[in-house]
Amino acid sequence: MALTLMKGSEAIAEAAIRNGARFFFGYPITPQTEIPEYMSARMPEIGGCYLQAESEVSAINMVYGAASTGARVITSSSSPGVSLKQEGISYCAGARLPCVILNVMRGGPGLGSIQASQGDYFQAVKGGGNGDYHLLTYAPASIQEAINIFSFAFDKAEKYRVPVLFLADGIMCQMMEPVEMPEMIDFKIDPEAKPWATTGWKPGDDPAKRAVINSLFINTEDLTEHNNLLQATYREIEANEVMYETYLTDDADIVITAFGTVARIAKSAVNELRAQGIKVGLFRPITVWPYPYKELAEVTKNAKAILDVEANEGQMLQDVKLAVNGAIPVDYFGHCGSLMPTTAEIVAKVLEMKEGI
Amino acid sequence: MSVVFEKTSYLTDKQFHYCPGCNHGIIHRLVAEALEESGMGGNIVGVAPVGCSVFAYDYFNVDMIEAAHGRAPAVATGVKRVKPDALVFTYQGDGDLASIGTAEIVHVAHRGEKITTIFVNNAIYGMTGGQMAPTSLVGQKTTTSPYGRNEDWCGAPIKMSEMLAQVPGSYYIERCAVNNNANILKTKKAIKKAFKYQMEGKGFCMVEVLSTCPTNWGLSPVESLKWLEENMMPYYPLGVYKDKGAE
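Protein sequence lines, in the order shown, are assigned to chains A and B.
With my numbering, the residue at position 4 of the first sequence is 4, and numbering never jumps.
Just remember that my numbering sits 1000 ahead of the position in the second sequence, which is counted from 1.
In short, the hints are calculated from the structure, not lab data.
We treat Cβ as the ideally placed atom computed from N, Cα and C, and that holds for glycine.
Check each hint, because a few of them may be wrong.
Simulated crosslink set (DMTMM-like; lysine to aspartate or glutamate; CA at most 25 Å straight-line) [said to hold, decoys possible]:
#1 B:K1007 - A:D205
#2 B:K1014 - A:E313
#3 A:K126 - A:E313
#4 A:K202 - B:E1036
#5 B:K1014 - A:D206
#6 B:K1014 - A:D205
A few chain B residues that don't get close to chain A, going by computed Cβ distances all over 10 Å [claimed, not checked]:
#7 G1025
#8 I1044
#9 V1062
#10 V1079
#11 G1112
#12 T1128
#13 T1143
#14 Y1147
#15 D1152
#16 L1185
#17 P1221
#18 E1229
#19 P1237
#20 Y1241
#21 E1247
Model the full assembly from the supplied sequences, consistent with the hints where possible.
Right, dumping it as structure tokens:
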């Protein structure tokens, strides 16, 4: 199939549509506004629905309503807007509603900047909204990878009845890359496959089949039972859905850990260092929840040190340290705000580390 | 023996958790009867957010969604956009609709979303135990206005029906009460009209129902009805605030 040069935001939007998304609810915020713009033009062409909500709070609640019917539904936003969505995301997780949420990260805290950042890692994988829940969270490093993940993202959301989060950044949405787009699938709501959905029930029908979309369990025993079900689902996801990439790690003395677009910068640094004969590799989680703890420990078992590189204060750093559990030293390099670590900076940091090992 | 009255099958057999004398029971029955009489069968989705009526999913015998505080109109929008042929309604209290959910209710009206909102206004937060709402009357004592609502400090009570009637996208707005038989019948008629307009694909419809909260007002059920008539009704006049279908 021919490659097409596409802007990240538009390619991601089209990939969602090709995989059955017919309902998009959003609100403009830089640097992801091209996604709602694209959706507003494309959805009417294919009989879908683009609706601009009055706020991100409403957008995620429209997602909650549309997902309750069993439809494939998506929303996108950027960091400050995703903060506003957290209430609704927690409700989606509690009510076990499949949906896809995009966070095109920008600098923070507060209004921050409109340039790319990775400052929402903690929000994505350690919490966000209230309660014990997780989102199946993908951190693609290229537009093509984001497109590829979309080919199964809705299936995973529906299989496990969890919201799926794409943790991207401003670079991903603003850059252009040659991509291969999948064929359009023909998605229809199947009431048999989604007995929990509001697909129509009237008095006289089987009482067990009446849909009640709910995250309220007023009796503590009931809420505990509900949480146990959620936790069992999370354990299943942890067992089956971990994704990661390794690059030149087999003989590496130093393994760089990085996710998303920063991992691409890190890969360039690995290439430069390898050209100098230095044994460096890259470990890149593709799912940041579930995190590839065991895989990272295995990959680095013969390494002498890890360098974690991020465009934040070192948030994934905590998971890297958990993975190796003190077996080898873990160093960090990066910047907060929206300043991207450069290849030269990473090379310099590895050379400095090499002196100490 | 002939049956002269039967509970509608659109209410479940679950015992209401509402306090004695609270009007939710009557309003639930009216909504459920109107659902049955709509002829929509099972093509109905109800949305009830946080508040005393958050357990409405246990009572309305149709597909139901519990929503976050104030967000029912947004949730109902999501449902309606997927199921344009379904009868979609929200059932919201005044703490919910007139306070935390003002953005959602204004914009569901603004979009002319083809849903129906049943707005139960009892001038107080019931579920959390009687706190001041934006709808609490000036001078009204609540657990968070123990000296009486002070207009200088908190403003005058908000009038949602009057306000939403001004939004170009709203289609039908009426304020009712269930304090006597005549008004109960009028409320039922209003709810049926709102559902009818929705099924005809008209715009946003809301029926506000003035309601009592004997527990948190600190009054008996009978005294509560009297208080509603003497204090709420003069400030919140009953009537049709907008009816594009009658124009």
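Evaluated hints:
This hinted pair checks out: B:K1007 and A:D205 have alpha carbons roughly 17 Å apart, not beyond 25 Å. For the suggested pair B:K1014 and A:E313, the alpha carbons sit about 53 Å apart, so the restraint of at most 25 Å is broken. At most 25 Å may separate the alpha-carbon atoms for a hinted pair to count; A:K126 and A:E313 meet this at roughly 15 Å. For the hint pairing A:K202 with B:E1036, the CA-to-CA distance comes to about 9 Å; that is within 25 Å, so the pair holds.
Restraint check for B:K1014 and A:D206: satisfied, since their Cα atoms lie roughly 16 Å apart, inside the 25 Å limit. Between B:K1014 and A:D205 the alpha-carbon distance is near 17 Å, which keeps this suggested pair within the 25 Å criterion. Look at B:G1025: its CB is around 19 Å from the nearest CB on chain A, clear of 10 Å, so calling it non-interface holds up. In this structure B:I1044 is not separated from chain A by more than 10 Å, as the shortest Cβ-Cβ distance comes to only about 8 Å.
Not every C-beta of chain A lies more than 10 Å from that of B:V1062, the closest at about 6 Å, which undercuts listing it as non-interface. For B:V1079, the non-interface assignment is contradicted: its Cβ lies about 4 Å from the closest Cβ of chain A, within the 10 Å cut-off. Look at B:G1112: its CB is around 12 Å from the nearest CB on chain A, clear of 10 Å, so calling it non-interface holds up. The beta carbon of B:T1128 is kept farther than 10 Å from every beta carbon of chain A, the shortest such distance being approximately 14 Å.
The non-interface label for B:T1143 is consistent with chain A: the shortest C-beta to C-beta separation is roughly 21 Å, beyond 10 Å. Chain A leaves B:Y1147 outside its interface by the beta-carbon criterion, the shortest separation being 33 Å against a cut-off of 10 Å. No beta-carbon of chain A is positioned within 10 Å of the beta-carbon of B:D1152; the least distance is around 30 Å. Every CB of chain A is more than 10 Å from the CB of B:L1185 (nearest about 24 Å), matching its label as outside the interface.
Consistency note on B:P1221: stated as away from chain A, and its beta-carbon is indeed over 10 Å from all of that chain's, at 25 Å minimum. Every C-beta of chain A lies more than 10 Å from that of B:E1229, the closest at about 34 Å, which supports listing it as non-interface. Once the 10 Å rule is applied to beta carbons, B:P1237 is consistent with being away from chain A; the minimum gap is 29 Å. Remark: the non-interface label on B:Y1241 is consistent with the geometry, its nearest Cβ contact in chain A lying 22 Å away (cut-off 10 Å).
With a minimum CB-CB distance of about 27 Å to chain A, B:E1247 clears the 10 Å threshold, and the non-interface call stands.
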